[in-house]
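Using the sequences plus the hints, can you model the full thing?
2 protein chains.
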Amino acid sequence: MLRGDITKAIRNAVMHELAEVGYGRLSIEAVARRAGVGKTAVYRRWSNKLEMVLEIVSGVAERSVPMPDTGSFATDLQLVTFIVSKALQHRIASQIIPDLMAEAARNPKIAETLQRALRTHQLAVGEKIVGQAVERGELPAGTDPDIAVDLMLGPLYWRLAVARTPIDDDYLEKLAAAVLRALGAKA
Amino acid sequence: MLRGDITKAIRNAVMHELAEVGYGRLSIEAVARRAGVGKTAVYRRWSNKLEMVLEIVSGVAERSVPMPDTGSFATDLQLVTFIVSKALQHRIASQIIPDLMAEAARNPKIAETLQRALRTHQLAVGEKIVGQAVERGELPAGTDPDIAVDLMLGPLYWRLAVARTPIDDDYLEKLAAAVLRALGAKA
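From first to last, the protein sequence lines stand for chains A and B. Using the UniProt record's numbering, you'd call the opening residue of the first sequence number 1 and step up by one each time. Using the UniProt record's numbering, you'd call the opening residue of the second sequence number 1 and step up by one each time.
Be careful, since some hints might not be right.
Claimed, not checked - Partner residues are not named here, just some residues of chain A that face chain B (Cβ under 7 Å, in silico):
1) I92
2) Q95
3) D99
4) Q115
No lab work stands behind these hints: they were computed from the structure. The C-beta atom is built at its ideal place from N, Cα and C for all residues, glycine as well.
Okay, here's the thing in structure tokens:
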């Protein structure tokens, strides 16, 4: 395998092991076995399990919220809610997220890394799409990107990852419309 | 101890043990010891650990979202967001919730009970306060209580239990105002 392919195989193996056995019982041995590589290939990349998991999961978490730039705030919003709702309904995500949240509640290092990864990237997305919308005159000047992000992601997370109540396209449409009104968007 | 006091002592012990060691490592022995009662006192009330934890946590989860009836939708909303934000910031809740969510992701029985407890009670709260607001002419007829609940609780849960980003009164005020606009409330 090429070096990049090995890294990719290890990343995939980590995500699958996390979903199957959880962080607590995940072992470097099992990851290496599943990836079809030696343990040294893992240790060459990450010095321990915590570092490995945090780096890989943070990366996936960042990629799961895209940076849309469709030229319209309403469409950017639709795109974000659609993609986030798909990501949260993904079988692997729905196993891994609650498990890491539980670890984070007991391990400040995990908590800090996850929160930084989540918050930094999402605020960047919020600032960009809200900032562009303000410039285009679609949102009032001074719109708070922080609240905007919480209103976009909170209901989806709450409903899909916590209450685990299914949603349909109608729900996503209503939610996007509610967020537009909440932010005082011009129609 | 009176029978009611014993039940209360066991309930408290379960919440503290859940926060300290988590569901996986919680034992009936440790609960009885902490409550200062015999194991039989526990088994007289619940037939096993799962049943005990679910019944106790569901009860606390229900009580944590109050059924406000202040005569004004804006004030009901402020009350709900204030109390939920306090509950989610409580040290014990912030340990127990992620842990049970992780168990729920692996155990359909836990998932089902938690979700029913969360969803049923919250929808009842949503239907009541939204229904009253529609009757008073504060919200448009046909306002969806489902979306209203998700907009009230989602951002708080997301921010406090997931991103673990602190909030202040200013944030709560902005959020309540955003939800009022989202639902098309009359000022």
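To see whether the hints hold, each was checked on the structure:
1. I92: violated (11 Å)
2. Q95: holds (5 Å)
3. D99: holds (5 Å)
4. Q115: Where the cut-off is 7 Å and the nearest Cβ of chain B is about 5 Å from A:Q115, the hint holds.
In summary, the one numbered hint that this structure violates is 1.
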